[in-house]
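Enquirer: Chain by chain, the residues run as shown.
2 protein chains.
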Amino acid sequence: MSYYRKFLWAFCLFVCFQLPVQADPGYKLWLQYAPIEDARERDSYRVFFSQIQVMGHSDTDAVIRKELQLAGSGFFPGDDFSSVGESADPKIWIGKVSLLPNSVASAQADKLASLSEDGYALFALEGRVFVTSNTEIGLLYGTFGLLKAIQTRQPLTSLEVLENPKIQTRMLNHWDNLNRTVERGYAGFSIWNWHRLPKHIDQQYIDYARANASIGINATSITNVNANALVLTPVYLEKAAALADAFRPYGIKVFLTARFNAPMQLDGLETADPLDPAVREWWKKKADEIYRYIPDFGGFLVKADSEGQPGPHNYGRTQADGANALAEALEPHGGLVMWRAFVYSENTPTDRTKQAFDEFKPLDGKFNDNVIVQVKNGPLDFQPREPFHPLFGAMPETPLMMEFQITKEYLGQDTHWVNLASMWEEVLQADTYAKGAGSTVSNVLDGSLHGYRHTAIAGVANIGTDRNWTGHPMAQGDWYSFGRLAWNPDADIREIAEDWLKMTFTNDPSFVDPVVDVMMKSHEILVDYMTPLGLHHIMARSHHWGPGPWVTGGRRDDWTATYYHRASEDGIGFDRTESGSNALEQYAPEVRNQWRNPDNISLDYLLWFHRVAWDKKLSTGNTLWEEMALRYQRGVEGARWMEQTWLALDGRIDEAMFEHMRSFLAIQVSEAEWWRDACLLYFQQFSQQPLPAGVEAAAHDLEYYQGFRRFFVPGI
Amino acid sequence: MSYYRKFLWAFCLFVCFQLPVQADPGYKLWLQYAPIEDARERDSYRVFFSQIQVMGHSDTDAVIRKELQLAGSGFFPGDDFSSVGESADPKIWIGKVSLLPNSVASAQADKLASLSEDGYALFALEGRVFVTSNTEIGLLYGTFGLLKAIQTRQPLTSLEVLENPKIQTRMLNHWDNLNRTVERGYAGFSIWNWHRLPKHIDQQYIDYARANASIGINATSITNVNANALVLTPVYLEKAAALADAFRPYGIKVFLTARFNAPMQLDGLETADPLDPAVREWWKKKADEIYRYIPDFGGFLVKADSEGQPGPHNYGRTQADGANALAEALEPHGGLVMWRAFVYSENTPTDRTKQAFDEFKPLDGKFNDNVIVQVKNGPLDFQPREPFHPLFGAMPETPLMMEFQITKEYLGQDTHWVNLASMWEEVLQADTYAKGAGSTVSNVLDGSLHGYRHTAIAGVANIGTDRNWTGHPMAQGDWYSFGRLAWNPDADIREIAEDWLKMTFTNDPSFVDPVVDVMMKSHEILVDYMTPLGLHHIMARSHHWGPGPWVTGGRRDDWTATYYHRASEDGIGFDRTESGSNALEQYAPEVRNQWRNPDNISLDYLLWFHRVAWDKKLSTGNTLWEEMALRYQRGVEGARWMEQTWLALDGRIDEAMFEHMRSFLAIQVSEAEWWRDACLLYFQQFSQQPLPAGVEAAAHDLEYYQGFRRFFVPGI
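Respectively, the protein sequence lines represent chains B and F. Mapping of the first sequence onto the working numbering: position 527 corresponds to residue 527, and the numbering continues sequentially without gaps. Mapping of the second sequence onto the working numbering: position 52 corresponds to residue 52, and the numbering continues sequentially without gaps.
Keep in mind that the hints were calculated from the coordinates and are not lab data. Heads up, a few of these hints could be off.
Computed cross-link-like contacts, DSBU-like style, restricted to lysine-lysine with a CA-CA straight-line distance of at most 30 Å [said to hold, decoys possible]:
1. F:K111 <-> F:K199
2. B:K199 <-> F:K199
3. B:K354 <-> B:K435
4. F:K253 <-> F:K284
5. F:K521 <-> B:K521
6. F:K253 <-> F:K354
Listed next, with one range per pair, are the computed distances between beta-carbon atoms [claimed, not checked]:
7. F:T271 <-> B:S345: 46 to 52 Å
8. B:S44 <-> F:D89: 44 to 50 Å
9. B:E495 <-> F:D296: 50 to 56 Å
10. B:E346 <-> F:G334: 43 to 49 Å
Built from N, CA and C at the ideal position, the CB exists for glycine as well.
So that you can see chain B by itself, here it is in the shape it has in the complex (with noise of 0.2 Å):
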């Protein structure tokens, strides 16, 4: 009988193998539950799996049963999952915390104490494991987090994992529009199909539910910043709300973005004014209209003032004015407001970067007590590589939530790789000194620093209507690194890396390692070859794909590439010092002095603070031309390594996957090239110095690079 069970296994396995060549490659995400192939693993975790008790009924604890069974198909093929969970002598117990054996609480009391509302325990105890919580959503996690220990090869039997998740709204905001087209959306188009809805429930709104509980996620924005006033009507309300039911027993709660003149458009009111009491009234109707389609509605996201978006300033009030008559309708409700502080003036500032705090800073304490404002990670939108808001740490009375971009407006779009949790560590990382050193982001987030009475982190989505959800293969981990440093911003990044590509893809370390390697150092990659020394804001203009260091004029001196690097023969950069903008000082004392001094600023942020002459020496011994274009070339270099790192890889995971990244290697390579030397040939208009050393010539002349054409670049 031991040869023959041997024997099946290895053919079913073989069987399971086979199969993904036809599969779609990709769409299972993170939870392939894979086969074990180990036989003894395989034993030794299906003496657990294959006595479950999961001891509610409530739709999450159907929800459960569902996922172990579909987990348990696939950890070990053949077995019969049908009856899971309703084992009576379980050697995996799932239930609430007071449901727990009173030998099993007591034992584990100092622990059970500390679990913190939808947190979780997961231990073993006396040849058990109990996955435990004060909440069914805290189950479903749990849940998940044992199923990640099975995909990741923990040893059921040593289980010690305490979770509670750390910030208290971990969103994603869709910027998808009404007509499925998706702002800066890189991986197809809106997987929200408005005209299905509601009554067609699409297998995929599940599939993301259920994506997204794993990983933490609890709340979801579904519709563009730049909002659209109809989702506030019956017949988008009716549609909105299939999707809240849909992800309730997740407990993923829905968000919807709020056009701040909806009053006007919708009804006709001859104003939107915060302080006109119609206005008010208003807001106040629309929120108990739309509570009645959607009994949990999480609240409204407002994107105002901004970017043509109408808002509190074309009434001459304040954005607390604005934001807090949308808090008092959702109010009654339990609802919250979020605002983002991503305001800025109609006309050309002298620096952009500085509006958000000007702004928003005097207006500290001014919010109802459900707001939120949202900032994005840098003051200015998403670059590669942002010194953080400098808002952070600088508004102790009101809840500030992070905003991030998961997709890849400035960090190659769909088709390079970049582990964007590298770029998001430096910011939570980043030190305020708002109460001293050790004041992170991530302390501002959590509510530790300033005890903010809300917490919440908002990822804006790359998820989009492509077979594999997010376009890049490898994008999926960004969704994921983004999940799980939403639970724990302080979480360990090289972990989650490996974690999501073990469930992902194989527990094989020849794989597992050097892609992590990759991951580890693409981040750093992309900014050598896009924008190294802190320069900003130099790729195309409107669709920002490829290098765009000549882009001048326009609607929007702000919206150009030759307002933020400002080179001439003199030298480069954003003089943000006093000499210049002064936008440093809006950091905290420790932080000027860190960035103050040109030199001795990190070389990451040199251009964006300082404006630098070319053959200035920098600490590494060259010149600034020389160590710009060093760094384009050493980009280069790191895109080719990341490429043939891949490329030794073949046969390792399935073909269509490794063939889908090969290609997109190829045309990550052939960008940084692109990038490179269209802007050493830009720069050197300026510096009138030759290439370095080392440093490549441009296949073609500037003129050529200029004058590319492109059309219909995804993503506006």
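The hints should help you fit chain F onto chain B, whose structure is shown.
Expert: Then chain F, alone, in the frame of chain B:
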């Protein structure tokens, strides 16, 4: 060992039926290659499948081997097909006729002699199965024929198949724009990701080619007939060439749509007059350029002088002048011009359905040898039911090709289940009487009636980014049926439906039989609840979703419903007899005789050709009003019967697929009711008679239906 094997297979099947839970339902189309459940059948097929020899080593032979590998791994999970096609002692032999063993060739001499280009023979001889053809592509078709035989459980030992395509060019027309929207597309967006081309060849392009080759489609026009001239520039030609390279081993030629004024738009010529020498020279150079990118480029598909597209009318030239200018340029390279007959005046005519005939009939014989005129199935525009287009049979000197619409612009778009093959068959089998009885449209198309030098058929594709390709799961069957009817326009549509269901879902007759039954009745049901009795073009304006019999006014009268139904208190219908527009005159006398008399014309065409009083007694014994109301009601009841039939199939197929269909059928029933209620309330204003017994009253009043607001309807 026998028990062991049995167990092993039972086990294995269990595995395979478990896995689809998480798989993408629908992506594999009819190429599921599901495991063969019955042990005896499986063993008998395996005897053959385990010993296959593929004789050639071309790119197409590589494709054949890969398909066999995929199919084998599906049919016989666990078997090793890594070296499939290399058997030295084959039970299945796949090779060209010229390589057949002499004994086989002489035994099958008659059959082999009758093989046309790309035709194939499949036969068993002395315990072996032979797949043979004169061409590589014919071998690929033969291989798919073999796989279909297995998928539909035909015994191989008695195989006797001779398949010659009756039509030379069997093509899809994609109305896909370069920005990836799809005109009249209801399955998401364009699968062509132009931005990632040419470097990234998505696996979906390969799977597209496989699916098309499996049903004999050998040409594709990849851009919208409402054309953007950009596609003729090098940037896009390079991308189109990459697709052509991917499709070539599958025998699929790429066509592009040519914008008639491209010489002006792209190169600043002052005219696009087809008789201007500079214009002719421009097209010649452009053709030369295109063939440098795509050596086997198929040619141009052109929509001219229609709905805003430029054309020869702009220069006072004929459609023949226009077509010939392009044909002359393509001729040296062997390319074709497919020139659409869907031309209609910029000014509203007395009867739009007459225009194509009036314009093209006088040009018969005036087109160059490499021009084919592409004619829609009916004289108006893809309505749920139209009489056949009067040009068929009327152009003996000019090859005509058929244009069917596979995408369901007027037939329920994404959410209605209607088997289009029924409608197509009605047209294909219609008798033009061009050369006496039996001069069917199919005989016009296959060239047998007039001896056309070129034969072709096109279907407007229903393919998009939806995870199942076609939005509606059953719309895959329309793609499949189109391919089969393109290969043989006289094929049996019930057999086609059965083959498709077996390959896509299951061979289980308890599923196949009721579903075929629904499919065979679905078209009549849809006509009943949308446009009974010959009504046409009474749908909503512009997007055409849902009823709009009240649509009137606007830019053109012939884009309104009232232009076509002409309802008043006196009656309803468009008089196209001698007393009216006399469109009837465009048909052969025998056809005219069938249709000229309102007392004996088929009720299916009554209001297409006649204006009829509300109280006229029809052959059914009902008045016109009663008959109309009863047919609307019958349509609704038909839709409900379809839904009930489906609901009874729960558990027989994949759960997600079942649920998808369930929700779509719920939509179909409610939209059938919407059509009935809106149309009957509207027409009742004129008939001023009560609903006959058995017809359900509307849930709302007419104002409600007329005021129903629709936003962002797909496909425009």
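Enquirer: Checking one constraint from the list: CA of K253 (chain F) to CA of K284 (chain F), max 30 Å. Satisfied?
Expert: holds (20 Å)
Enquirer: Given a hinted range of 46 to 52 Å, is it respected by the beta-carbon distance of T271 (chain F) and S345 (chain B)?
Expert: Hint holds: Cβ distance 49 Å, inside 46 to 52 Å.
Enquirer: May I ask you to test the hint 43 to 49 Å on the CB atoms belonging to E346 (chain B) and G334 (chain F)?
Expert: violated (59 Å)
Enquirer: Assuming the hint says 50 to 56 Å, is it satisfied by the Cβ distance from E495 (chain B) to D296 (chain F) or not?
Expert: holds (53 Å)
Enquirer: What's the verdict on K253 (chain F) and K354 (chain F), does the C-alpha distance respect the 30 Å limit or exceed it?
Expert: Given pair K253 (chain F), K354 (chain F) is violated - Cα atoms ~33 Å apart, limit 30 Å.
Enquirer: Starting from K199 (chain B), check that the Cα of K199 (chain F) is at most 30 Å away, please.
Expert: violated (39 Å)
Enquirer: Does K521 (chain B) lie within 30 Å of K521 (chain F) when you go C-alpha to C-alpha?
Expert: violated (61 Å)
Enquirer: Holds or violated: K354 (chain B) with K435 (chain B), Cα cutoff 30 Å?
Expert: At roughly 22 Å apart (the allowed maximum being 30 Å), K435 (chain B) and K354 (chain B) satisfy the hint.
Enquirer: Check whether the Cα positions of K111 (chain F) and K199 (chain F) lie no farther apart than 30 Å.
Expert: violated (44 Å)
Enquirer: Is 44 to 50 Å respected by the C-beta to C-beta distance linking S44 (chain B) and D89 (chain F)?
Expert: holds (46 Å)
This entry does not satisfy hints 1, 2, 5, 6 and 10, going by the numbered hints stated previously.
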